[in-house]
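*Asks:* Can you make the complete structure from the sequences, with help from the hints?
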Amino acid sequence: MNIKFKQETFRGDFTYRNSPENIRRFPFPFHEDKYMYSVNMEPHVPAGPKGFAFESLIDVDEHYISEMHDRALVLKEDPLRCQALPHMMAGQWDVLELIMEQQAAGYPEHFSLTKNGDQWHWINRPMGIDQKFTFGDASTLPYEPMEYITRQAQGDFCIVDQRDNNLWMDAGMVTTQADWSLDFDIGMNFMEWHGPVPLAHQMGVFDRALKFLLNLQQSKPVRRLNWTMTINPRLDTSPENYPKWGPDRMTVTPENIGDKVHLRCELQSLWRLPRSNAILFVIRCYLLKMEELVQVPKWARRFHRVLRDLPPELADYKGLTKFRPMTIDWLSKYDDGAPTSSGIFPE
Amino acid sequence: MSINTDMAVQVAAIIQVAEKVKRFRLVRVDGLPLPVFSGGAHIVVSMLDGDLLRRNPYSLMSSPTDQTAYEISVLQVEKSRGGSAFLHEKLNVGDKLTISQPLNLFPCDVRGRKHIFMAGGIGITPFMAMMDQMTRESSNFELHYAMRDRKHGAYWQELQQRYAAHRVKIYFDVEKLFIPTDAILANQPLGTHLYVCGPSGMIDGVLNKATALGWPKQNLHSERFLAPLPGDIFKAELKRSKKTITVGTHQSILEAVEAAGIDAPYLCRGGACGQCETSVLGCEGIIEHNDIFLEPEDKASGKTIMICVSRVKGQAITLDL
Chain A
1 MNIKFKQETF
11 RGDFTYRNSP
21 ENIRRFPFPF
31 HEDKYMYSVN
41 MEPHVPAGPK
51 GFAFESLIDV
61 DEHYISEMHD
71 RALVLKEDPL
81 RCQALPHMMA
91 GQWDVLELIM
101 EQQAAGYPEH
111 FSLTKNGDQW
121 HWINRPMGID
131 QKFTFGDAST
141 LPYEPMEYIT
151 RQAQGDFCIV
161 DQRDNNLWMD
171 AGMVTTQADW
181 SLDFDIGMNF
191 MEWHGPVPLA
201 HQMGVFDRAL
211 KFLLNLQQSK
221 PVRRLNWTMT
231 INPRLDTSPE
241 NYPKWGPDRM
251 TVTPENIGDK
261 VHLRCELQSL
271 WRLPRSNAIL
281 FVIRCYLLKM
291 EELVQVPKWA
301 RRFHRVLRDL
311 PPELADYKGL
321 TKFRPMTIDW
331 LSKYDDGAPT
341 SSGIFPE
Chain B
348 MSINTDMAVQ
358 VAAIIQVAEK
368 VKRFRLVRVD
378 GLPLPVFSGG
388 AHIVVSMLDG
398 DLLRRNPYSL
408 MSSPTDQTAY
418 EISVLQVEKS
428 RGGSAFLHEK
438 LNVGDKLTIS
448 QPLNLFPCDV
458 RGRKHIFMAG
468 GIGITPFMAM
478 MDQMTRESSN
488 FELHYAMRDR
498 KHGAYWQELQ
508 QRYAAHRVKI
518 YFDVEKLFIP
528 TDAILANQPL
538 GTHLYVCGPS
548 GMIDGVLNKA
558 TALGWPKQNL
568 HSERFLAPLP
578 GDIFKAELKR
588 SKKTITVGTH
598 QSILEAVEAA
608 GIDAPYLCRG
618 GACGQCETSV
628 LGCEGIIEHN
638 DIFLEPEDKA
648 SGKTIMICVS
658 RVKGQAITLD
668 L
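Note that the protein sequences, when read in sequence, are chains A and B. Take 1 as the starting number for the first sequence in my numbering and just add one per residue. Take 348 as the starting number for the second sequence in my numbering and just add one per residue.
Because the hints were derived from the structure by calculation, they are not lab data. Hints are supplied without guarantee of correctness; some may be wrong.
Unchecked claim - Simulated pairs of lysine-lysine, PhoX-like, Cα-Cα distance not exceeding 25 Å:
1. B:Lys426 x B:Lys660
2. B:Lys650 x A:Lys220
3. A:Lys211 x B:Lys646
4. B:Lys650 x A:Lys211
All values reported here derive from a predicted model rather than from experimental measurement.
*Replies:* This is the structure we're talking about:
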């Protein structure tokens, strides 16, 4: 499958759009007409209709080149978006191997990896990269291994160390985040970095999730979907840049909802890493405009109902309060009350 | 959804490395590379002993980066549950086994400034992989290795040769040479981590001493070689499948369910993930909850069970399956 990569922006003039094919591969995060927190993890194995975002386990799509360009811009302004504590080097190499192997396996026409002992050869055709290096010797790469490979992979990546029956945010590349900061969270444990989430603690969600993750096994990655909403197709909605994107929420009007308001889905996958025994936490962000979303009638009906019935605490935490009523109103035109089929895939 | 990532392996070599200790070299049948692992990891070996399927965990002792073969060392024990006797007496080069993916419940804390390993007898095996890994990472470690005598002790000559005698100290019970635990534990720089693997008595002794000397809990690591928990035979009635099955002594409910051809959800098979949590509709007996997933009040309720590890002491259980 040859992907036609687009040239577009996630800032300034915001030219980001989804092609009709790309809309239907969006990992729509609601399997039913309502939403509440749960430990909604399932095996990360290929699933869904042909071409869906679950087809390859490290997904590459038409926005690849533009997203990598946006990441480079973020890093240029703020190098602290990529950090690794000194004890995470084995985990960095684990991540480099995982991403190279997955991208080469999923998209052989775009990526290839050749290994000869520790002499590796990586080719990334879309980005015009041809790199020979020694696996395990960081001096043979232009960046440290995690930064090197995550400048060539869509999504945010956190390497989470496991010790003392807890998980620790000890390395990461985070430039497409929904309002959280690696620089703030680095070194924190699982309970600390989830501290601000409302309701879920009382439900025991994090206790269960932590227990589950501590036992995550090699070769058995898991995934879950998370979501929020973003005004304008902006990948970098970081606390550091809040002054740049926070005010966007005041610009929504009934006339521009279809273009400005986006459903932001995170395809989160978790992988046990072999050398370091750490966990790789991939947070891959997908953006879908309301006018794109309503092209799939099932998603239009369902998202209207989810948003309408969302507990107010969740709407506040996700930062939707300002534009939620207007968006519900806009979406209601696309909800005829017909029943929807279960599951996330388009009908 | 059940995903099987087990690997078929073949025995490439069996070597008697000491009195009552054999090393088994396992290579993949399909010729693919074995997964890299981290020092301290173990695999579960499934062996078909006649009609009986045995599953035992063994620490991986080969180099964690060697993807051509895994090596395990097995002690021949007097009162074997069957696994050790099978491997020592019945298994031949060329025979096939099934192994799980590596799982590490005894990892190193790589932030440690210094690592002290204390091994008793066959408890040496996880440290062999750890020392290989630490050498590559240029970490500071020392090993204190206690054995019964020179004949029963495995690998001590090789280890001293490879890592030098000042890093590998050996002690033999019959020669009245014992690990000077007090002296070792009392004189360590901050940031030292201690790892113990061996008989339960040794582990308890060392950990108690370290705790008394004020070592932080986070710096103490141990792994016990416990046999998986067997239990009495009982019946399980699967309400939705309209079947009654028998759960054997060394079988989990989940395994018995699978043997009956019924697909039950599971993920970790270790009592941790919650995936196989099953509603209990009735029970003639007491549920032995062996999982770490359910809260104490859930366990006390008797209404739910993790069928991968928990079982029944009594006659029968009725499950919503």
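*Asks:* For each hint, tell me whether it holds in the structure or not.
*Replies:* Status of the hints after comparison with the structure:
1. Of the pairs offered as hints, the one joining lysine 426 of chain B and lysine 660 of chain B holds, with about 23 Å between alpha carbons and a cut-off of 25 Å not exceeded.
2. Restraint check for lysine 650 of chain B and lysine 220 of chain A: not satisfied, since their Cα atoms lie roughly 29 Å apart, outside the 25 Å limit.
3. A C-alpha spacing of about 16 Å is found between lysine 211 of chain A and lysine 646 of chain B, which places the hinted pair at or below 25 Å, so the restraint holds.
4. Annotation: proposed proximity of lysine 650 of chain B to lysine 211 of chain A holds, straight-line Cα distance about 21 Å (limit 25 Å).
When each numbered hint is compared with the structure, a violation occurs for hint 2 only.
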